[in-house]
Amino acid sequence: MSKPTTVVFHYPTDKTEMPEGPYAIAGVLVETNAGWRSVRPIIADDKCVQCDKCWLICPDGAIDRIEKSYTVDYDFCKGCGLCACECPTKAIRMIGEGEAE
Amino acid sequence: MLEIRWHGRGGQGGFTAARLLGMAASLYKNYYVQAFPSFGPERRGAPVLGFTRIDDKPIHDHSKVYSCDYVVVLDESLMKVVAAWEGLKPDGVMLINSARDPASFQAAPHHRVYTVDADGIVQAVLKQPVTNTAMFGALVAVSGLVSLEAALRAVELTLPPEICEPNKQVVATTYDLLKGQAVPA
Amino acid sequence: MSSEAAPERRFISGNEAVAWGVRLCRPQVIAAYPITPQTTAVEKLAEFIEKHELECEYVNVESEHSAMAAVMGAAMLGCRTFTASSSQGLLYMCEMLHYVSGSRFPIVMMNANRTVAAPWNIYGDHRDSMAMRDAGWIQLYVENVQEALDMMIQAYKMAEHPQVQTPVMVCLDGFVLTHTYEVISIPTQQEVDGWLPPYSPSENVLDLNAPKSLCISVSPEWQTEFRFQQQEAMEAAKAIIPIVDTEFAACFGRGHGGLIEEYRCDDAEYVLVAMGSVVGTSRLVVDQLRDEGLKVGLVKVRFFRPFPKQEFAALAARVKGVGVIDREVSFGYEGALYTEVKAALVSGAGNPVTINFVAGLSGRDITKENIATMYRKVIASAGGETEPEMQFAGLRWEPW
Amino acid sequence: MVKLHDLPEQELLYGHKACPGCAATIIARLILKVTGERTFLAYPASCLSTVTSIYPQMAFSVPSFTSPFAATGAVLSGMAAAVKAKKMQNVTVLGIAGDGGTADIGLQSLSGAVERGHKILYVCYDNEAYMNTGIQRSSLTPFGAATTTSPAVGCAGSIGEKKFKKNLFEIMMAHRIAYCATANPAYLPDFLNKVEKAKNTDGPSFLHVFAPCPTGWGFPSDQTLAIGRLAVETGLWFLAEYENGKARLTMMPRQFKPVQAYLGGQKRFKHLTEQEWAIIAAQRDREWAEMKDKWGRPSKNQVKG
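Chains as they are written, first to last, in numbering that gives the first Met the number 0: chain W, 0 to 100; chain Y, 0 to 184; chain H, 0 to 399; chain L, 0 to 304.
So here's chain W without its partners, still in its complex pose (with noise of 0.2 Å):
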């Protein structure tokens, strides 16, 4: 796994710490999307059979593939179901985010 992580950013505070033109660098999020979701993914181990479906398919790419086993990035999924509507032995299910509390 290769990926951003949320930094806490350092906003300039005087002209001296303005970037010289409007670039910032690459790769720094100052923010999640866990916010956004109603309902989560929940992957059930026992039925997944690595196909890597989920992992390649989430516009998010919050589906963490390590080694063979896939975990959920919860705080930059969506929750838009992709993944579970894809999975090819439906090991994945979405469940309210009451239900997950």
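Calculated directly from the structure, the hints in this document are not laboratory data.
Check each hint, because a few of them may be wrong.
Here are the computed lysine-lysine pairs in the DSSO-like style, where the Cα-Cα straight-line distance is at most 30 Å [said to hold, decoys possible]:
| no. | chain 1 | residue 1 | chain 2 | residue 2 |
| --- | --- | --- | --- | --- |
| 1 | H | K367 | H | K308 |
| 2 | H | K294 | Y | K28 |
| 3 | L | K161 | L | K293 |
| 4 | W | K67 | W | K2 |
| 5 | H | K308 | W | K14 |
| 6 | H | K237 | Y | K167 |
| 7 | L | K16 | W | K2 |
| 8 | L | K165 | L | K269 |
| 9 | L | K83 | H | K43 |
| 10 | W | K46 | L | K293 |
| 11 | Y | K28 | H | K308 |
| 12 | L | K245 | L | K256 |
| 13 | Y | K63 | H | K367 |
| 14 | W | K89 | L | K293 |
| 15 | L | K291 | L | K164 |
| 16 | Y | K126 | Y | K167 |
| 17 | H | K294 | Y | K56 |
| 18 | Y | K126 | Y | K79 |
| 19 | H | K43 | L | K85 |
Each pair of labels, with its calculated beta carbon distance range [what the hints assert, rightly or not]:
| no. | chain 1 | residue 1 | chain 2 | residue 2 | range |
| --- | --- | --- | --- | --- | --- |
| 20 | H | D192 | W | S1 | 22 to 28 Å |
| 21 | Y | V80 | L | R175 | 46 to 52 Å |
| 22 | H | Q188 | L | G116 | 29 to 35 Å |
| 23 | L | K85 | H | A249 | 28 to 34 Å |
From the three backbone atoms N, C-alpha and C, an ideal C-beta is built for every residue, glycine too.
Start from chain W and add chains Y, H and L according to the hints.
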């Protein structure tokens, strides 16, 4: 400051003649020079103008040329269709590519008029009707503005190498033809 | 013909001088689209490249918008770049001009000043570049062919200055400068290499080893701060411009001045203000009127942006009358240069009379007689005679 | 051939603000997995710029640039010229633009870039309208689709968009481009192989990628790829490629599903009646007949539906 106007038709190299004179003057006595064409889209055959300004001081003037010390006409047929005499100073010189006698052109009393059969000369040497270098050589002779050497060097520095030699020959020929006729400026 | 040993004296056109100036700065990418009267400049550069006299990528784009977009693409990767345009082409580029200045890329371009249709006309006035006043570019206007060449070289130095990082547009009057041949001195490559080092881009560049996102979106919370930077850069340029010219003069033996150049203004009571090629003609008229005993002077505005506000404020205290020649008009108000000059004069002490002369539109000649008339009108107005504040010089039915 | 399992873990597009289920971001993220870190990316004003690059949250990890709407092709040309001038090796100059930025306002610039032969990879993600500005009609909006500027308002003849979308693939072929293809993220191996081919092309390459948009088209966010599959199965999106001067279909369904299977699942088409379905099916049949006639049958190693 001396101002020279060149009359030609698009494609005859009138502006090149204006540049040749400027180049020669800049080489000859480090004169300050300016050359510019009649601005705008060039159309082959249409009457066009070229201008040369020569001075021993820097030339700041960027307005048009309104009065001329010399007018050179590269194509005799233009005499009927353009105002070739316009702006020629009272003691100015008119030089026309023509086999006719200078007296056959109606001039004001103080104008000095010269003719040279540039068509005949270039037909023999260049095998094509491009009279700009012939008229340049003739002007150098009648004006005495620059030396023949400077004129020939200007041809070398301005024209493509493959056409330099015949054009230098043309310049030298018209220069020699008119040298004897020149009245000191 | 080119000599490495000593500066070369050459008899060339304004456009060729621009090409030589650019060539000596060793740009790495050039993109351009043809338009009269700019074309002979970029044709010459294409020829230099084809002859391997200049190592550079030439991109034959399909529009002016793309020309500026392409050089911006190259500037993003840290290349020194060049493009040129004129008139309709400059206006077609308009969006890109703002994009480049806002992105802070030190691109240099030449504009062959030409009017803007309609009516159609290919000849010179300042309508095109004046319309780009607020595009965020440093805008300078040259008077002659030598200055055209020299300012191309200075332009890169200014644009790339760490405190400036702002694109520069060098404006030449169409035809009257672009197509006029004058004898000029071309510096050697060695001299220019010594004076202008290779472009070393700031942090604002795409780098595989230090990835950044450029020209990003900025929310209202931060846009003002980035705009403030652009204004600060322009203010910094005011100080840097004369320094660059002084350094240039020390190296090449000739300079052209700062934001303005004053001609015989020391004790002048009446001055004309002008930009571009008409400045040269006006010098002759000043000399002529001085011979008549009139205390006249001339202010050449070299930089329209940043604008020489302090210089005009200082002038206000010294003179009785100021005439401004505008080669365009902002319909419904007055000439754009006049508006700027008048506003700057007000910020100084003194209260000279001012008259705006709209002249030289679309290639109409501004004669020495026209200029002398302008001086006489300024003098008359300062003496209490009534003159319209804004006048079209030499209307056909109102002979001057 | 791309081995899907071997694609790198590294996320070069991450933390963006796109709507849930956005195909454009599936496409961009996967393309970057193929082109890798040594990519210079330009994207014009579009959903993609709005959701990835608002100071200071930067979702792309490759060097990237928000290009002018009308000039992505020209910006890429300049970048490619700079890569050449700086003698950089092994880099991809990539542009990703929407259908409006490609087929409408950006078409001239793209045409110039392709004609000049720069080594660039240009991707059009086609969500069939101007989504970023609120779902206005583009020249790639399909017949019958309701958008905010081709609305279906319920009166007679108000069927939404009244023209069929223009054929971008053929426009690119007419440039004699080095490589171009159509693709669809619902057909992952086909899509990613085309990306890899495009990346390795010595010259300009172009991909026209189908990008279902849950928000603009009106379908649930988990249906993005299902809709993508239906588009192909009903014959309303074709998969083809053009290389070495020859075009071919890379997939041909043996039999098309009825068009309403695709149209019925989307709000933008819900006003259509059997009459319009028939028009759409007839147009589909005409176009397929032409394609088969011009480009022949898919080669034997290709997928057959």
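Against the structure, the hints come out as follows:
1. H/K367 to H/K308: Holds: H/K367 and H/K308 sit about 28 Å apart, inside 30 Å.
2. H/K294 to Y/K28: 35 Å, violated
3. L/K161 to L/K293: 26 Å, holds
4. W/K67 to W/K2: It holds: about 18 Å lies between the C-alpha atoms, which stays within 30 Å.
5. H/K308 to W/K14: 25 Å, holds
6. H/K237 to Y/K167: 52 Å, violated
7. L/K16 to W/K2: Answer holds: L/K16 to W/K2 is near 16 Å, not above 30 Å.
8. L/K165 to L/K269: Cα-Cα ~22 Å, so holds.
9. L/K83 to H/K43: 22 Å, holds
10. W/K46 to L/K293: 46 Å, violated
11. Y/K28 to H/K308: 43 Å, violated
12. L/K245 to L/K256: This hinted pair holds, its Cα atoms lying about 28 Å apart.
13. Y/K63 to H/K367: Roughly 10 Å separates the two Cα atoms, so the pair holds.
14. W/K89 to L/K293: Roughly 42 Å separates the two Cα atoms, so the pair is violated.
15. L/K291 to L/K164: Distance of about 19 Å is within 30 Å: holds.
16. Y/K126 to Y/K167: Holds - the C-alpha atoms of Y/K167 and Y/K126 are around 14 Å apart, at most 30 Å.
17. H/K294 to Y/K56: 23 Å, holds
18. Y/K126 to Y/K79: 26 Å, holds
19. H/K43 to L/K85: Holds, at roughly 23 Å.
20. H/D192 to W/S1: 22 to 28 Å: Check failed, 43 Å falls outside 22 to 28 Å.
21. Y/V80 to L/R175: 46 to 52 Å: Holds, at about 50 Å.
22. H/Q188 to L/G116: 29 to 35 Å: Hint holds: Cβ distance 31 Å, inside 29 to 35 Å.
23. L/K85 to H/A249: 28 to 34 Å: 32 Å, holds
Hint compliance for this structure: hints 2, 6, 10, 11, 14 and 20 are broken, all remaining hints hold.
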